[in-house]
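K.L.:
So the sequences go chain by chain: A and B. Under my numbering, the first sequence has 47 at position 47, and the numbering climbs by one with no breaks. Start counting at 1 in the second sequence, then tack on 452, and there's your number in my numbering.
Be careful, since some hints might not be right.
What the hints assert, rightly or not - Once the Cα atoms are required to be at most 25 Å apart in a straight line, the calculated PhoX-like pairs of lysine-lysine come out as:
hint, chain 1, residue 1, chain 2, residue 2
1, A, Lys253, A, Lys444
2, A, Lys444, B, Lys488
3, B, Lys643, A, Lys433
4, B, Lys643, A, Lys436
5, A, Lys147, A, Lys403
6, A, Lys186, A, Lys215
7, A, Lys147, A, Lys220
8, B, Lys643, A, Lys431
Derived by calculation from the structure, the hints in this document are not laboratory data.
Read off the chains here:
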Amino acid sequence: MRARTLPLSRQRSGGGKPIARKALAIAAVVSLGTGLLAGCADDGGDDSDSSSGGGEGKTTITLGLFGTMGFKEAGLYDEYEKLNPDINIEENVVERNENYYPALLNHLTTNSGLQDVQAVEVGNIAEIVATQSAKLEDLSKASGVNKADWLEWKWQQATTKDGQTIGLGTDIGPMAICYRKDLFEKAGLPTDREEVAKLWAGDWAKLVEVGEQYKKKAPKGTTFMDSPGGLLNAILSSEEERFYDADGEVIYKTNPAVKNAFDLAAKAAEDGLVGAQTQFQPAWDQTIANNKFAAISCPPWMLGYIKGKSQPDAAGKWDVAVPPKAGNWGGSFLTVPKSGKNVEEAKKLVAWLTAPEQQVKLFEVQGSFPSAQAAYEDKAVTGAKNDMTGDAPIGQIFAEAAKQIPVQIIGPKDQIIGQGLGDNGVILVAKGKSPKEAWETATKTIDNNLDK
Amino acid sequence: MATRHDTAALPVKGGAAPGRPPAGSSADKDERRRAKLSRRWQRDARWSPYAFVSPFFLLFAAFGLFPLLYTGWASLHQVELTAPTDMNWVGLRNYTRIFDDDFFWNAAQNTLTIGIISTVPQLMMAMGIAHILNYKLRGSTFYRVAMLAPYATSIAAATLVFVLLYGRDYGMINWALDFVGVDPIAWQDDKWAGQFAVSTIIIWRWTGYNALIYLAAMQAIPQDLYESAALDGASRWKQFIHVTLPSLRPTILFTVVVSTIGASQVFGEPLLFDPNKSASGGGEHQFQTLGLYLYEQGWVNQHLGRASAIAWTMFAILIVIGIINHVISRRLRASS
Chain A
1 MRARTLPLSR QRSGGGKPIA RKALAIAAVV SLGTGLLAGC ADDGGDDSDS SSGGGEGKTT
61 ITLGLFGTMG FKEAGLYDEY EKLNPDINIE ENVVERNENY YPALLNHLTT NSGLQDVQAV
121 EVGNIAEIVA TQSAKLEDLS KASGVNKADW LEWKWQQATT KDGQTIGLGT DIGPMAICYR
181 KDLFEKAGLP TDREEVAKLW AGDWAKLVEV GEQYKKKAPK GTTFMDSPGG LLNAILSSEE
241 ERFYDADGEV IYKTNPAVKN AFDLAAKAAE DGLVGAQTQF QPAWDQTIAN NKFAAISCPP
301 WMLGYIKGKS QPDAAGKWDV AVPPKAGNWG GSFLTVPKSG KNVEEAKKLV AWLTAPEQQV
361 KLFEVQGSFP SAQAAYEDKA VTGAKNDMTG DAPIGQIFAE AAKQIPVQII GPKDQIIGQG
421 LGDNGVILVA KGKSPKEAWE TATKTIDNNL DK
Chain B
453 MATRHDTAAL PVKGGAAPGR PPAGSSADKD ERRRAKLSRR WQRDARWSPY AFVSPFFLLF
513 AAFGLFPLLY TGWASLHQVE LTAPTDMNWV GLRNYTRIFD DDFFWNAAQN TLTIGIISTV
573 PQLMMAMGIA HILNYKLRGS TFYRVAMLAP YATSIAAATL VFVLLYGRDY GMINWALDFV
633 GVDPIAWQDD KWAGQFAVST IIIWRWTGYN ALIYLAAMQA IPQDLYESAA LDGASRWKQF
693 IHVTLPSLRP TILFTVVVST IGASQVFGEP LLFDPNKSAS GGGEHQFQTL GLYLYEQGWV
753 NQHLGRASAI AWTMFAILIV IGIINHVISR RLRASS
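Okay, chain A solo, but in the shape it has when bound:
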């Protein structure tokens, strides 16, 4: 069948001037091609159409967020829309930051497809500050923004070397140690949060020693802490200098603070003081549900996570103690891209959303701890309680921890390095490799990932 009819072009004998034909063909290709390209180029426009539209002459401000930041849940959009009747707010949420962030970078470098407001996670803020600050508005001079409201280090994290502040802090994650009172009691350890804090005050090595004590009389099937990665992360987040030095050089391999933290976490893993788990894996969730560990490094948001994974009878069995050294884990910023359609309105919205009063409301509903130190005196914070920790004054404990968080030097690839040390490092020790092997695997993975 196929061969019997010749294609049309083969059947004809000749005719037509070659140049005219060529011209026609080119014209056809060009016209179709421009149509195609125009189709591509329209994409960016479509997004901005929706942000400037809004039926009755309202201005629509769009926010690009990740995870659950809670602005909507806390009713902040409704409140702002009520205060500003000509504003309409829409959010566009990507579940996981690891999917959100590459797209954001892509949009920033091409200056298209950006929302009026874009959230940035603390793990990425150094990279955004270092590479994308030219594309973002300086928010330090926006109306209603008062630098003194924020914790010094939070403000600095989003500030470039030449003094532009391109992101305003929303929440932070001051870390404490959450522990199970019932398991501590069974293991013969004190349960009062003051006494517990005294056991390890000032030194992470003491915390591991408490772990050794716990192990001697540990209830069957339980470990002292949840995971080697969690412990390592906690120790590292309390260091002022860890993966980068002040000049922006990668020093994680030679920094004794990093090696000590790694060795300490590896020792805890070798001695079986931590579960052989990786945090946020389903199997790790199970260890929460089944009460398999007695202590965990926990920022305020972790309490919410624990609550979500626990059996109902675990409520009230937890308590919160001051950690050996204060550190920060998590938190976000809001930025305003310069190429947005409603830059001025977006700046106003960001200033409002990150103001202390709104941060308090967010804390009440979502448990996101305020980065505005002005909020720490607020009754909603000082009187805060949590189902999991009974009547422990968690607001006061976390506020105290927040004030002691060091001004840490952060770098663009902190996330890759931290993840490598945990997921490709100390976890291997818990699974039977030697600390030396684990360190080699971790550094090899990290170096490969960092190498441009």
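Dock chain B against the given chain A, drawing on the hints supplied.
P.N.:
Relative to the frame of chain A, chain B by itself:
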């Protein structure tokens, strides 16, 4: 084809009577007009096919050829996602470093093993299913459509269901294994368990598709071949071995090639199989395929230059596989 207007128009021009009509300016003009029209028709017939096929080629140029060439250009540079226009010429360094990049070779090995574990059983099962469907069955259309259903399911949806099935603590598969006295398997943590699990997703998705292709080819085999084989006393099994399989040889080759290409590009299944480790394909890269490693370098580690070099190396590997396949198929054809 006889009604093409340029040829069909010709007799009209001269009319029934040959020879020129009396010379007159109006007739002359008329003839010129006709010639012009005819030329336009010719042009139309000659060039419109190109216009009709052009959408594909324009799309291909924009989304296939351009990215391909640009990737090649980028692979010779140090490029970061944070500044894609900021390129630093590094020559072939991105390629030479692949030779001692353990992670690349680990991914290559995983791609190969997952490819074998998934493709071989898949094609064998497809053959068996096609053979069964080739018999006269009640409701055969239903079975054929059902075979194709997994193919029409999105990879993401299918993988998420399989992740639930393969859960360590609450997965149905471990629950079933428990009944027969096997200890629960950590499908996401163990190398071979992980690769096996990822392969089953691929097998589930593609077996029906290949079965239908085999079925179509089986139905094209002339019935008399079977009749004469039956007259010679060949059993059903012998008929399958000596009549069906040889007749399917080109089809089998086709499916092998398509499956090999597919296997070398496996991406979605391992990406979603361990949602927490995603791009690294398990905590220790147990089931990270080349496609996944490329993605990790480009989008997680943000090294677009390195990712481009990996893409081109994969392309080169595919070409080598294509050549090997070509040689084998020529040998096979020569021997038959």
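K.L.:
For every hint, state whether the structure bears it out.
P.N.:
Results for each hint:
1. A/Lys253 / A/Lys444: holds, 11 Å
2. A/Lys444 / B/Lys488: This hinted pair is violated, its Cα atoms lying about 74 Å apart.
3. B/Lys643 / A/Lys433: Distance ~16 Å between lysine 643 of chain B and lysine 433 of chain A Cα, so the pair holds.
4. B/Lys643 / A/Lys436: Given that 25 Å is the threshold and the Cα spacing comes to 22 Å, the pair holds.
5. A/Lys147 / A/Lys403: Holds. Lysine 147 of chain A to lysine 403 of chain A sits at ~16 Å (cutoff 25 Å).
6. A/Lys186 / A/Lys215: holds, 11 Å
7. A/Lys147 / A/Lys220: Cα-Cα ~51 Å, so violated.
8. B/Lys643 / A/Lys431: holds, 14 Å
Figure legend: structure checked against the earlier numbered hints; hints not met, in rising order: 2 and 7.
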